[in-house]
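Participant: Make a model of the complete structure from these sequences and hints.
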Amino acid sequence: MSLALKSSSFESPQPQRRSTSPRATRPIPLQPRLDPLALARLQGLQRVSSVLATTTLALSLLSYGASVYIDQRVEQAAQRLSELQHSQQQMATFNAVLKSQMAAQAQLPTSGLQPPKPEAVVFLAPATPRPVTTAVTQASKFLPLGQSRPPLGY
Amino acid sequence: MASLSSARSLRRRRPASLAHANPAGAKGRIVLVWALLMLAIVTLAGRLVWLQVVQGETLADRARAQRQIPSQPFPQRYPISDRQGNLLALDRTVYTLYGHPQLFNQPLPAVATALGPILHQPVAALAATLGQRPTGIRLANQLTPEVATLIRQLRLEDGPVNGLELVPQQQRFYPQQELFAPILGFVNWDGEPQAGLEMAQADRLRRPDLGPRDRLEAMTAFQSDQATLKLTLDSRLQRVAQQALAAVVETHQAKRGTVMVMEVHSGAMLALATVPTYNPNQYYQADMAAFKNWAISDLYEPGSTFKPINIAIALESGLISPAERVEDSGQIRIGRWTIKNHDYATVGARGPISITDVLKYSSNVGMVRIMQKLSPASYFDWLTKLGLNRPSGIDLPNESAGHMKDRQEFMRSKVEPATTAFGQGFSLTPIKLLQLQAALANGGKLVTPYLIDSLVGATGDSLWVPDRPPAPRVFSPQTSQQVMTMMAAVVDEGTGSPAQVAGYRIGGKTGTAQKANPSGGYGRGRITSFVGVLPSDRPRYAVLAVIDEPQGDNAYGSTVAAPLVKQVMESLVVLQGMPPASTDQPEEPPTPRP
Chain B
5 MSLALKSSSF
15 ESPQPQRRST
25 SPRATRPIPL
35 QPRLDPLALA
45 RLQGLQRVSS
55 VLATTTLALS
65 LLSYGASVYI
75 DQRVEQAAQR
85 LSELQHSQQQ
95 MATFNAVLKS
105 QMAAQAQLPT
115 SGLQPPKPEA
125 VVFLAPATPR
135 PVTTAVTQAS
145 KFLPLGQSRP
155 PLGY
Chain L
2 MASLSSARSL
12 RRRRPASLAH
22 ANPAGAKGRI
32 VLVWALLMLA
42 IVTLAGRLVW
52 LQVVQGETLA
62 DRARAQRQIP
72 SQPFPQRYPI
82 SDRQGNLLAL
92 DRTVYTLYGH
102 PQLFNQPLPA
112 VATALGPILH
122 QPVAALAATL
132 GQRPTGIRLA
142 NQLTPEVATL
152 IRQLRLEDGP
162 VNGLELVPQQ
172 QRFYPQQELF
182 APILGFVNWD
192 GEPQAGLEMA
202 QADRLRRPDL
212 GPRDRLEAMT
222 AFQSDQATLK
232 LTLDSRLQRV
242 AQQALAAVVE
252 THQAKRGTVM
262 VMEVHSGAML
272 ALATVPTYNP
282 NQYYQADMAA
292 FKNWAISDLY
302 EPGSTFKPIN
312 IAIALESGLI
322 SPAERVEDSG
332 QIRIGRWTIK
342 NHDYATVGAR
352 GPISITDVLK
362 YSSNVGMVRI
372 MQKLSPASYF
382 DWLTKLGLNR
392 PSGIDLPNES
402 AGHMKDRQEF
412 MRSKVEPATT
422 AFGQGFSLTP
432 IKLLQLQAAL
442 ANGGKLVTPY
452 LIDSLVGATG
462 DSLWVPDRPP
472 APRVFSPQTS
482 QQVMTMMAAV
492 VDEGTGSPAQ
502 VAGYRIGGKT
512 GTAQKANPSG
522 GYGRGRITSF
532 VGVLPSDRPR
542 YAVLAVIDEP
552 QGDNAYGSTV
562 AAPLVKQVME
572 SLVVLQGMPP
582 ASTDQPEEPP
592 TPRP
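Chains as they are written, first to last, in the numbering used here: chain B, 5 to 158; chain L, 2 to 595.
Calculated directly from the structure, the hints in this document are not laboratory data.
Every residue, glycine too, gets a C-beta built ideally from N, C-alpha and C.
Nothing false has been slipped in among the hints.
Partial list, computed: chain B residues near chain L (C-beta under 10 angstroms): (1) Ala100; (2) Ser104; (3) Ala108; (4) Ala129.
Capping the alpha-carbon separation at 25 angstroms, the derived lysine to aspartate or glutamate pairs in DMTMM-like fashion look like this: (5) L:Lys374 with L:Glu302; (6) L:Lys516 with L:Asp554; (7) B:Lys121 with L:Asp538; (8) L:Lys516 with L:Glu302; (9) B:Lys121 with L:Asp493; (10) L:Lys293 with L:Asp204; (11) B:Lys121 with L:Glu494; (12) B:Lys103 with L:Glu179; (13) B:Lys121 with L:Glu251; (14) L:Lys341 with L:Glu302; (15) B:Lys103 with L:Glu147; (16) B:Lys103 with L:Asp454; (17) L:Lys293 with L:Asp396.
Facilitator: Dropping the structure here:
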């Protein structure tokens with residue numbers, strides 16, 4: 005735009021200054037003279053830029069769509085997480101209240117329950133740790149190694 | 002482009018001779034088009050700046066407000082649990098109900114009639130309240146999520162009700178109500194901790210501020226930041242202790258009382274029950290005096306429960322041996338004061354008795370004679386070494402330091418060391434006495450009592466463990482063992498026999514002290530106590546009960562406090578899985594916790 009303006013506004017009056025004769029005037033060079041090679045280059049450039057523009061447009065549309073979709077999914081997930089967090093808090097509260105109420109009820113004289121006393125409890129000494137049997141030795145009790153029964157259908 | 006095509010069309014329509022007239026007209030039009038385009042660009046740019054820069058924040062907020070679904074506010078504080086993970090304090094969502102009558106799509110009386118039964122409010126009063134203003138009327142506070150759901154689902158003949166707004170907020174909730182109130186304290190409606198651990202650990206309990214973040218980011222941050230402040234207390238034992246204590250206080254019409262259970266090797270508290278207590282969920286209805294934990298903040302004269310500590314001082318100083326005998330004359334004159342045994346009127350002088358008998362019969366005169374062997378200066382140094390004038394260091398706020406006479410007064414007046422010998426003339430908190438008894442039981446180390454185990458993450462890993470101060474050794478293991486043997490005799494054959502638990506070796510000491518008047522001197526009020534150690538041959542737990550001002554002539558440490566300690570010990574051995582001594586298997590000594 006600015007080039008065109010320059011050529012039309014500044015170049016054309018110059019001949020008038022050099023010669024006042026109307027015959028000496030010549031038309032504005034409206035059509036730039038370009039050699040075919042440059043023209044071909046420009047044409048190629050135009051194609052490339054068209055492809056680029058189309059690709060960019062497609063990509064931007066795609067990314068816009070994706071952003072809307074992801075946003076929607078994230079929003080749904082956030083909603084679910086919020087509900088779960090709320091439920092978790094409520095469950096924790098209910099559980100604590102329930103435990104406390106049960107303990108309070110157990111303390112009532114009408115419940116028939118008593119605080120723990122050693123004479124009403126059987127203390128068992130922990131058993132001596134038994135040797136750990138592996139899965140192979142367990143299996144070997146029933147099936148000799150290397151032998152397997154055919155599968156049984158029901 | 003535009004200039005070229007216009008020039009071309011001019012050329013077609015006009016002869017070449019007129020070409021000289023074209024540049025001016027073309028130029029004008031070109032400038033016009035250029036100006037229009039520039040104007041358009043400037044306008045667009047200006048609008049862009051207006052939207053993005055000037056109004057950017059406001060518009061972004063409006064967009065966010067449209068996009069966001071009103072979510073639940075996040076809990077402000079970490080929950081608190083006992084040693085088994087039972088929750089003692091947690092945040093819960095409560096709702097405040099607002100009415101906006103100008104938005105009602107149903108007649109106001111119909112809305113009031115529907116809401117009345119849900120809110121447990123008289124319909125007429127509700128209708129009057131709703132008639133006050135066209136909008137923003139607070140109708141109810143602290144509504145539970147269940148009530149909030151009922152209000153949301155409210156349907157009248159013409160469909161759902163518009164104009165009712167439920168605003169959620171987080172509020173601290175204590176499911177165990179009175180059971181832990183003097184320990185935990187409470188958080189008021191404004192979210193400010195006011196007492197107890199809630200106040201002492203306010204910074205540790207407060208969740209990191211999620212700030213003005215995106216909701217999703219805040220939710221994720223909240224989810225990944227789960228922790229619980231785990232205490233050393235056992236809810237089951239605390240419940241047993243609280244119930245038994247409340248029953249004793251009621252039976253004896255006492256002013257107040259406390260029962261405490263402590264692991265002697267670590268200082269971990271398993272139970273700390275006090276009466277009076279209050280419901281922290283309704284703290285606004287409680288007596289302000291109940292907000293302090295008197296077992297931590299109030300001083301009392303321990304009386305005879307301090308005698309085993311004095312015996313340990315004398316043994317550790319090498320002034321007496323366990324086999325030594327002292328003369329119990331029943332009464333003794335110190336300056337212008339006469340000190341008598343509590344049973345002088347009935348028993349009189351006992352004559353020479355063993356050190357064990359001094360404890361067994363709780364002989365004041367015997368104690369005075371033993372402690373007279375120690376110079377007042379050394380005695381004072383010992384009391385200072387035991388930290389009698391310092392707090393125990395328990396992780397609860399507002400703990401008081403014990404009160405002793407100053408050094409000059411203690412050394413000048415002969416009666417001061419004499420009264421100190423049987424636990425009067427100075428005062429300390431019940432928790433301090435328990436700390437000293439634990440030092441006797443654990444082999445001589447002055448462990449610091451504590452309630453906070455750690456801050457535990459969601460996967461059970463420790464996020465923070467409080468620093469435990471090192472436990473200085475004040476008595477030798479030998480002295481500790483010797484005193485434990487004597488204390489076992491007190492329970493087996495002496496004043497502590499009401500604390501016997503069949504099958505278990507228990508050491509203990511009773512205490513019945515006269516209470517000092519505010520004007521000085523001693524009045525009729527007494528404070529009874531009993532300290533028990535279990536098992537006495539390999540101590541693991543110390544239990545202290547203090548009952549303030551029990552009524553009745555038969556109110557002594559042995560009749561009021563010892564049976565209470567027995568009850569707590571019976572539950573303690575079952576809950577801790579400690580078999581009776583006869584079937585007791587050799588086991589590893591308990592490992593002191595850091």
